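J.: Listed below are the residues making up each chain.
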Amino acid sequence: MLEVVVTENLIDAAAAMSPQARFLGGGTLVMRQVNYGDQRFHRIVRCRERLDGVRVEGGRCVIGSGVTMAAIMAARELAFLAPAARAVGGPAVRNMATVGGNLMAPHPYGDLAVALLALDGQVSMADDTVMPLDQYLATRHGLVRSVSIRRPAGDEFRFRKVSRVKPKGVSVMSMAAHLGRNSGRLSDVSVAYGAMADTPVRVTAVERALEGASLDLAGITPALNVATEGLSPPDDALASSWYRREVAPVHLRRLLIGEDRR
Amino acid sequence: MKTPVTFTLNGSEAAAFADPGQNLLDLLRRGLGDLSPKYGCGQGTCGTCTVLIDGEPHLSCLVLAEAAQDRRIETAGGLADGPDLHPLQTAFVEGFAAQCGYCTPGMLLAAKALLDRNPTPTRDEVIEAISGNLCRCTGYEPIIEAILTASRAPNRAPNRAPGRTNGRAG
Chain G
3 MLEVVVTENL IDAAAAMSPQ ARFLGGGTLV MRQVNYGDQR FHRIVRCRER LDGVRVEGGR
63 CVIGSGVTMA AIMAARELAF LAPAARAVGG PAVRNMATVG GNLMAPHPYG DLAVALLALD
123 GQVSMADDTV MPLDQYLATR HGLVRSVSIR RPAGDEFRFR KVSRVKPKGV SVMSMAAHLG
183 RNSGRLSDVS VAYGAMADTP VRVTAVERAL EGASLDLAGI TPALNVATEG LSPPDDALAS
243 SWYRREVAPV HLRRLLIGED RR
Chain Z
92 MKTPVTFTLN GSEAAAFADP GQNLLDLLRR GLGDLSPKYG CGQGTCGTCT VLIDGEPHLS
152 CLVLAEAAQD RRIETAGGLA DGPDLHPLQT AFVEGFAAQC GYCTPGMLLA AKALLDRNPT
212 PTRDEVIEAI SGNLCRCTGY EPIIEAILTA SRAPNRAPNR APGRTNGRAG
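Protein chains in written order, with the numbering used here: chain G, 3 to 264; chain Z, 92 to 261.
Any given hint could turn out to be false.
Just some of the chain G residues that point at chain Z, by a computed CB distance under 10 Å [to be verified]:
#, residue
1, VAL36
2, ALA94
3, ASN97
4, ASP129
5, MET133
6, PRO134
Note that these hints are calculated values from the structure, not bench results.
Because the structure is a prediction, the values reported are computed rather than measured.
Yeah, the Cβ is synthetic: ideal placement off N, Cα and C, and Gly gets one too.
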């Protein structure tokens with residue numbers, strides 16, 4: 003028998019969690035499990051504390067885990083993140099789906115998390131402990147209060163979602179990059195992929211190859227050559243692992259050089 | 092244990108008891124008799140369960156019923172004003188924008204949310220607005236045209252107050 007527990011704040015919600023409980027944010031993940039009779043949990047935990055704030059702190063933005071995709075698209079200070087939020091579902095889904103939920107979204111979902119990962123995402127947990135987003139994604143354990151990301155300047159941030167169905171379709175893959183510059187060369191580069199592993203991942207081989215390179219075809223070619231190094235992309239109904247490996251360098255090139263920018 | 096839930100449904104106060112884990116769609120249909128929102132996929136893909144919550148489209152099959160407490164819900168059942176169809180409904184009828192009609196309630200509400208916010212949308216904006224709603228019969232062209240036609244209707248009243256629900260329209 004399912005029970006719904008409503009708490010006043012996120013700390014109490016975290017205390018109410020167990021392996022047989024799910025935290026309900028926007029509902030797009032948990033309610034579909036409920037509708038399909040998922041028997042792995044018997045408790046839904048909700049929280050009255052509002053987690054929908056967005057604030058700028060120096061060179062970073064702090065986004066509450068309850069902020070929806072629609073709210074990201076409407077927030078002027080998060081304009082750079084709007085293309086990634088827009089890539090999630092249709093308007094109704096975007097009115098419901100939250101940042102926190104996107105971190106929990108299983109393959110091949112979680113396009114926003116890819117963008118957050120490329121922007122040096124740091125998660126603040128219910129008890130205010132902080133950890134790197136990639137570390138959190140490795141376990142997805144615990145309730146997230148907010149995510150802090152860097153604020154990219156100019157065209158430093160790039161995002162690309164590849165899907166077979168237009169205008170909306172599930173990701174064959176998604177990619178995001180932060181491309182800092184120093185004296186005309188790439189510096190402080192971070193690149194992340196979605197739908198290329200069980201969770202969104204940083205692509206360190208690509209990042210190393212881009213560091214100090216020029217942002218042109220010759221400069222990025224070494225990075226394209228290691229586009230899938232260390233990755234074992236999954237097979238699913240959308241694309242085979244082989245296909246994902248084959249097309250990843252093409253989409254990485256388009257992402258980096260800005261070809262066919264979305 | 093059931094949880095009492097009260098909200099505004101198409102301009103009228105509504106009250107029901109929600110089962111643990113019950114979604115809003117089920118509460119509207121079985122608890123309150125408003126059969127206009129439909130059950131399609133149950134996972135947020137098809138959009139036929141779309142309702143407006145506080146004026147914005149939401150997928151009622153993915154909303155925990157008790158989370159609708161004190162919210163303003165609009166369904167396709169509240170679009171018509173007695174025998175007078177909403178201009179969107181009229182445009183759908185006259186433009187043959189429905190075949191089996193199963194997607195129509197969701198399409199209508201996605202379109203209403205758009206026109207309430209943007210009375211003169213472009214074709215691309217219409218396409219984006221219904222991008223979360225699937226139709227497997229007519230294709231999308233008649234639907235897009237109907238929404239554009241409704242946006243040009245001289246008697247269209249954007250943001251008009253929702254009428255009383257009859258629980259069957261759509």
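J.: Next step is simple, just say for each hint if it's right about the structure.
T.: Against the structure, the hints:
1. VAL36: At about 5 Å, which falls below the 10 Å cut-off, the nearest Cβ of chain Z leaves the hint on G/VAL36 intact, so it holds.
2. ALA94: holds, 4 Å
3. ASN97: Hint holds; G/ASN97 Cβ to chain Z Cβ min 5 Å, cut 10 Å.
4. ASP129: violated, 25 Å
5. MET133: violated, 29 Å
6. PRO134: Check failed: Cβ of G/PRO134 comes no nearer than 30 Å to chain Z, outside 10 Å.
Hint check: violations occur at hints 4, 5 and 6; the rest are consistent with the structure.
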